[in-house]
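Protein chains: 2
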Amino acid sequence: MQPDQNACVQLLKQRFGDRCQTSQAIRTQHANTTTWIRPQLPDCVIFVETTDDICDVLRICKDHRTPVIAFGAGTSLEGHVNAPQGGVCLDMTNMAAILEVIPEDLIAVVQPGVTRERLNEELRATGLHFPIDPGADASLGGMVSTRASGTEAVRFGTMADNVLALRVVTAGGQVISTGTRAKKSAAGYDLTHLFIGSEGTLGVISEITLRLRGIPDYTVAGTATFPTIRAACDAVISAIQFGLNVGRLELLDTQQIAACNLYSGLSLAEYPTLFFEFSGMADAVDAEFEVFRGLLEDAGSFAVQSSSDGDERRNLWRARHDAYWAALAAAPGKTGLVTDACVPISKLADCITGAQGDLADLGLQGTILGHVGDGNFHVILTVDAEDAGEQARVEQFLELVSDRAMQMGGTCTGEHGVGQGKRTALARQSGDALDAMRAIKRALDPHGILNPGKIFPETEEIAT
Amino acid sequence: MQPDQNACVQLLKQRFGDRCQTSQAIRTQHANTTTWIRPQLPDCVIFVETTDDICDVLRICKDHRTPVIAFGAGTSLEGHVNAPQGGVCLDMTNMAAILEVIPEDLIAVVQPGVTRERLNEELRATGLHFPIDPGADASLGGMVSTRASGTEAVRFGTMADNVLALRVVTAGGQVISTGTRAKKSAAGYDLTHLFIGSEGTLGVISEITLRLRGIPDYTVAGTATFPTIRAACDAVISAIQFGLNVGRLELLDTQQIAACNLYSGLSLAEYPTLFFEFSGMADAVDAEFEVFRGLLEDAGSFAVQSSSDGDERRNLWRARHDAYWAALAAAPGKTGLVTDACVPISKLADCITGAQGDLADLGLQGTILGHVGDGNFHVILTVDAEDAGEQARVEQFLELVSDRAMQMGGTCTGEHGVGQGKRTALARQSGDALDAMRAIKRALDPHGILNPGKIFPETEEIAT
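Taken in order, these protein sequences are the chains called A and B.
Residue 134 in the working numbering sits at position 134 of the first sequence, and the numbers go up by one each step.
Residue 405 in the working numbering sits at position 405 of the second sequence, and the numbers go up by one each step.
Hint data in this document are derived by calculation from the structure and do not stem from the laboratory.
None of the values given here were measured: they were computed from a predicted structure.
Take the hints with a grain of salt, since some may be wrong.
To be verified - One side only, chain A facing chain B, incomplete, derived with CB under 7 Å:
1) L119
2) E121
3) L123
4) G173
5) A186
6) D190
7) T411
8) C412
9) V418
10) Q420
Idealized CB from N, CA, C, for every residue including glycine.
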């Protein structure tokens with residue numbers, strides 16, 4: 001800890017008392033714990049309760065040039081909440097109020113610590129829900145900050161499409177509102193989208209205005225088995241081109257299906273498989289699904305199963321969401337590591353089979369699955385954490401996946417964000433656009449106190 | 001013209017020859033001509049042909065601290081292309097190539113001078129179209145810059161939802177790419193959305209990657225007549241809450257219907273009327289439309305007409321798009337002025353009836369219509385341009401409409417942008433968020449040469 005940061009923590013203890021914690025256990029709990037990025041602990045953790053608390057922390061930290069790292073549910077995958085320069089972790093657990101729900105406008109206003117599952121539980125009686133579903137029960141503040149998406153993005157888009165406005169505390173401790181409750185606006189710079197995905201490096205989110213959707217009356221979900229990844233991707237391309245109103249469209253490779261069969265008690269044929277869902281009005285859904293079934297068969301699917309039964313559907317998606325645990329269970333003693341890339345869907349089959357080839361070439365174990373309607377896929381690697389040689393091959397693999405996605409006109413991360421893990425990939429992807437990002441960062445956080453060491457590849461020193 | 005700007009124009013003439021025009025006629029043609037904002041002419045107009053041309057102009061203009069104003073089709077409504085400090089108008093007419101169409105990824109890459117109608121003509125053979133339709137045959141660069149939307153936004157969103165990436169020339173003459181061809185990305189700051197709607201004040205757009213959609217097989221369009229604005233808005237709220245996949249949902253008030261009847265030869269009952277459209281697969285559309293018809297009747301519509309005939313549908317939407325000309329034709333000798341606001345849909349009836357009250361109180365003539373599925377509406381005023389008293393009442397009216405929308409949680413502009421006309425309204429709406437916008441402006445355009453005098457309320461002097 002720098003001398004000035006030490007003084008800063010003392011001041012924060014005076015201001016926050018027991019809500020400012022410095023124990024090793026709590027600091028460790030708030031440092032990132034994904035396997036290949038080592039945890040880096042903050043100097044203290046403050047359990048904020050109000051926007052004013054956040055303002056006070058930021059003002060004190062600005063004066064002492066001390067880093068501030070917002071922490072939601074700790075589910076990020078790329079080292080977003082690590083504290084490479086120490087500093088203050090802002091724990092949002094106690095900022096978890098659902099402030100307002102306006103059913104006629106399909107709007108909810110929430111604090112950043114609300115998790116998506118809790119929001120949906122609270123909304124149930126209204127007949128509405130918030131559809132963005134990254135799998136983990138992430139905090140909504142974290143989901144905003146990483147521009148999260150997940151299985152329903154093919155229909156409803158990502159967090160970028162489902163946040164109307166944010167309340168943000170700037171690096172200087174000023175509170176700003178970035179938008180309105182209108183569904184669209186052409187009034188000035190789009191600060192809302194600028195803060196979405198900025199990973200806590202431009203401001204601290206203290207309130208979120210979300211778009212909600214009606215819970216559909218009727219849902220059909222199912223699986224379609226294919227001889228090859230390419231055949232499955234062809235079906236996806238057809239469905240997207242046809243403009244089908246598909247609700248979810250997920251691909252699991254053979255290895256992942258085998259793991260899910262074992263872990264979740266499914267009995268699927270062990271081939272590349274699409275998991276899909278359509279929802280809405282029964283007649284419309286049935287009409288769309290019949291067309292979809294034809295497209296699946298045209299693309300070579302040799303088994304299509306579907307059901308509108310709620311339990312069967314929930315089991316299917318639970319199995320999909322447990323894919324990470326299934327992959328881990330299939331590799332006892334190994335630790336898991338997930339990466340993420342996204343390409344135009346015409347390139348998806350090549351990108352996935354390329355990644356499969358890399359796995360084989362490098363002697364790595366991994367399953368592949370993804371939100372293929374968006375061209376987004378994940379590789380779940382199971383790694384021997386003690387084997388330095390394997391670690392090196394994993395890093396090589398991650399770079400190959402990012403670079404192949406970029407060469408295909410895609411992105412090194414579709415939904416996990418940059419954090420610490422994808423910084424050099426982002427630099428390769430962005431070219432000179434990174435200069436514009438740096439200029440914006442300097443403009444909004446002149447002392448570099450907001451989540452330093454993330455997004456930008458250079459080692460960032462706190463400006464004095 | 002400042003002495004330095006004069007030298008700048010001389011240099012540009014050397015570089016561009018006949019493509020740099022200084023005649024009064026051409027400069028006048030490129031100055032804004034909306035009625036209540038007086039035209040302010042640039043010192044010269046350059047017909048750029050390549051991204052390199054744009055880079056050269058920006059480098060020369062940066063050295064001479066000379067304003068640069070990008071010009072598409074000149075259809076903006078808020079003085080966006082006016083040149084209050086003179087400078088250089090960049091005419092994009094000759095940057096109108098459709099560079100690439102990738103049907104399997106539903107992507108087109110275009111230059112900024114392509115107009116939306118031309119793009120759709122060229123796309124027809126592919127079975128795809130670009131759905132964003134602001135009415136005017138605007139340039140796509142202009143539509144990006146003002147975050148345009150229009151009648152299909154209720155289904156497909158605005159330009160913010162339909163642009164994947166931009167190529168932008170920065171104020172320093174650097175070319176950057178803001179995104180990829182992947183449908184989503186979590187890689188760094190969202191520069192694409194920052195440039196969308198920035199009205200040429202942060203950079204000059206030289207290439208646009210757009211999302212396309214399939215041309216639907218089947219479309220039903222029609223009208224529903226209501227006793228009151230409020231009843232029509234209630235039907236809209238029900239349809240949106242129900243999650244109906246409505247393609248277009250427009251409201252025209254009684255005065256506007258009367259004007260359209262005369263101008264476009266319609267024979268609609270003269271009451272508040274919804275124009276609507278559903279499109280997609282026939283079975284799904286028919287199922288959704290039947291539910292919609294029920295909602296219309298529940299809300300009190302006493303006449304619902306619909307048709308799947310292409311000609312009838314085209315006539316209907318032509319009449320809707322000609323609404324401005326119809327309103328003008330109904331007020332001979334007057335000039336037209338259109339304003340725009342957007343509120344949460346639960347507030348729409350109050351906001352519109354409030355505006356109708358203001359018109360009556362101020363003795364102004366105006367019709368009201370809008371994209372009510374988004375909570376967005378327009379007032380078309382017909383004004384005596386020679387009557388200074390009426391001009392003053394018009395300005396008062398515009399302020400009342402903006403302020404009421406803001407008080408209702410909405411925005412002073414849903415799709416027209418800020419330009420010169422809404423600058424003080426934006427300041428009232430944004431509060432301290434305007435400081436963040438200013439910081440970004442200074443970071444990306446340190447000398448303030450890009451479209452000065454727009455968005456921000458202060459008189460902007462070119463920084464030396």
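Going through the hints against the structure:
no.: 1; hint: L119; result: violated (18 Å)
no.: 2; hint: E121; result: violated (20 Å)
no.: 3; hint: L123; result: violated (14 Å)
no.: 4; hint: G173; result: violated (11 Å)
no.: 5; hint: A186; result: holds (4 Å)
no.: 6; hint: D190; result: holds (5 Å)
no.: 7; hint: T411; result: holds (4 Å)
no.: 8; hint: C412; result: holds (6 Å)
no.: 9; hint: V418; result: holds (6 Å)
no.: 10; hint: Q420; result: violated (13 Å)
Checked against the numbered hints above, the structure breaks hints 1, 2, 3, 4, 10 and satisfies the rest.
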